[in-house]
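Just so you know, the protein sequences line up as chains A and B, in that order. Those letters in the first sequence? Residues 1 to 281, by the working numbering. Those letters in the second sequence? Residues 1001 to 1333, by the working numbering.
In case anyone wonders, no lab produced these hints; they're calculated from the structure. There could be a bad hint or two in this list.
[Stated by the list, open to error] Pair ranges (Cβ atoms, derived):
hint, chain 1, residue 1, chain 2, residue 2, range
1, A, K88, B, D1284, 53 to 63 Å
2, A, W183, B, V1182, 51 to 61 Å
3, A, H165, B, K1166, 25 to 35 Å
4, B, S1216, A, T169, 29 to 39 Å
5, A, P91, B, P1070, 19 to 29 Å
6, B, H1121, A, W183, 30 to 40 Å
7, A, V95, B, R1210, 32 to 42 Å
8, A, W183, B, E1273, 57 to 67 Å
9, A, L191, B, Q1118, 26 to 36 Å
Positions of the beta carbon are idealized from the N, C-alpha and C atoms, including for glycine.
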Amino acid sequence: MAETRRVTAGPATYVLRAFVIAYLVLLVAWPVVLVGTNTFENGTTAITEVFSDPDMVHALRLSAVAAVVATAVNTVFGVTISMLLVRKQFPGKRVLSALIDLPLSVSPIVVGLALMLVYGGRNGWLGPTIEGWGLQVVFATPGIVLATAFVSLPLVIREVVPVLHELGTEQEQAAQSLGASGWQTFWRITLPSIKWAVIYGVVLTLARSLGEFGAVKVVSGNVLGETRTATLAVEEKYLNFDQEGAYAVAFLLASVSVLAILVVFVLRARGTRHRAFERQS
Amino acid sequence: MSIDVSGVNKRYGDFVALQDINLTLPTGQLTALLGPSGGGKTTLLRIIAGLETADSGSVVIEGVEATRLPVQKRNVGFVFQHYAAFKHLSVARNVAFGLEIRKKPKAEIRAKVDELLQLVHLDAFADRLPSQLSGGQRQRMALARALAIEPSVLLLDEPFGALDAKVRKELRDWLRRLHDEVHVTTVFVTHDQEEALEVADEIVVVNEGRVEQVGSPDQLYDEPANDFVMGFLGEVTTLGGVRLRPHDVEVATVPGSGSLPGTVTRALRVGFEVRVTVDVAGQDALATVVMTRTHARALRLEPGAAVWLTPADGATAVAGSRPARPAEEAVAG
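The task is simple: from the sequences and hints, build the whole structure.
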């Protein structure tokens, strides 16, 4: 990690520092900590209550399943698209690149409504056909996975693309000159080289997927014990004056996110050390 | 004939990279593709390797028509200027890569890797990562990696270009000795005429997408086919409408038969040699003469001194048609 020599701190630096710290504490740290303290106001009862309610366990499991499947899909898709964007030339490449950012800029609730228009069981563009095959998308797990995947789609790509750019093609060409096929080159050379970026993208995708609310709310139908995810359960409990329960589920979701951030932090530190080490000599 | 290139053309948009290249390189030789940057020599090497495809023309390697073969099937060893080391693999695994791809038995791979690491003097570094090696060591590793697949030809793209001057000189000598040991047909690209003259059996001068001349270092130096080759292989000066090497000009302080009178404008000492600039009467361009310091002192060559210049007997010379282009400029360009 690059050490920057510190210039003597003037009063402006301290004011700036205090401002940033106050901002982060008031906006992020304190509210999140309060969720924790509210959860444990009465000891662990709130948490044990959540885990003894089969509907809540179902909601947590549904969230986990949707997040894991969406992440798996987006990882495979993301790495493929990244390879395509960086290594291949084709017409419409810039349009595709811009399109990939769409899920980040569009409100999730719009995503939900858009998915309804396509996969809606009664009026959707494709929905009735798919339902004819006996597969219900909207108001069922596939719809929830779809909405989650849509929202978290760019995260792997945005991590992998710059690393692929920086990597260049020489190592791949060297592998090919040594007889490696395209597939062998990818598995043995490219993938190990972008490993950290992929892991980083996966963790971010997982965290984002777990927290998805808006799009899922529209397409899931929000049926207790069936299609209600953990985030939807938090809202439901909060609106029904079960604040303790709401905080407990919120706490569980927040812990996973914090854990994900910690993992990323550790990985990033390792990655930086790794790269700094490579740059030596 | 090991490599046969015929009628190869390559364009990038409007830019003509290679124009009707015909080249035959015999088996077992060490050949240099020499020329200024952007002259097409790297493109030619990459077309031979199959990393680039020619617009037209054909490439035959060891009698096998290779024009349509992908790089994987050509069995060429390629060494890149910036090493292209597999950063996540140890030195031994780097060298083993081509053999692992070919699914050779483990014991055979280990034996071959050991042998090659010894050849490139990296046997003590087998378990290190490339990041723990110096530039010169990385390039030797890359060479061992390319040799592991027992290539029909070994192609090196500016192999010493990224190294500092001292290491470059060491590796250059080492490559020559290695080639004498291994005897694999080798082609390397360089823009450094000294490197080409010192290492290669044969030099192909490539400029502006064309082959200017093919020949041994002696042939090229003594009988340059044209002005460009003469200028690219060493310093050139003009004397009485003839272009020749500055050290092939004889200086006298008295008139002689056929000598051209002039006045010394500058005498610059660089180490053991002195570079004297002379304003020759009736000639626009200044003439440059290179001689030893002792010689210059004996003649008392100081600015303002009157001198008479003659081309030395047996000097390599071409008629000065094209405008003078110093070698340094040609290298930098």
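Hints and how they fare:
no.	hint	verdict
1	A:K88 with B:D1284: 53 to 63 Å	55 Å, holds
2	A:W183 with B:V1182: 51 to 61 Å	31 Å, violated
3	A:H165 with B:K1166: 25 to 35 Å	33 Å, holds
4	B:S1216 with A:T169: 29 to 39 Å	36 Å, holds
5	A:P91 with B:P1070: 19 to 29 Å	24 Å, holds
6	B:H1121 with A:W183: 30 to 40 Å	35 Å, holds
7	A:V95 with B:R1210: 32 to 42 Å	41 Å, holds
8	A:W183 with B:E1273: 57 to 67 Å	58 Å, holds
9	A:L191 with B:Q1118: 26 to 36 Å	32 Å, holds
When each numbered hint is compared with the structure, a violation occurs for hint 2 only.
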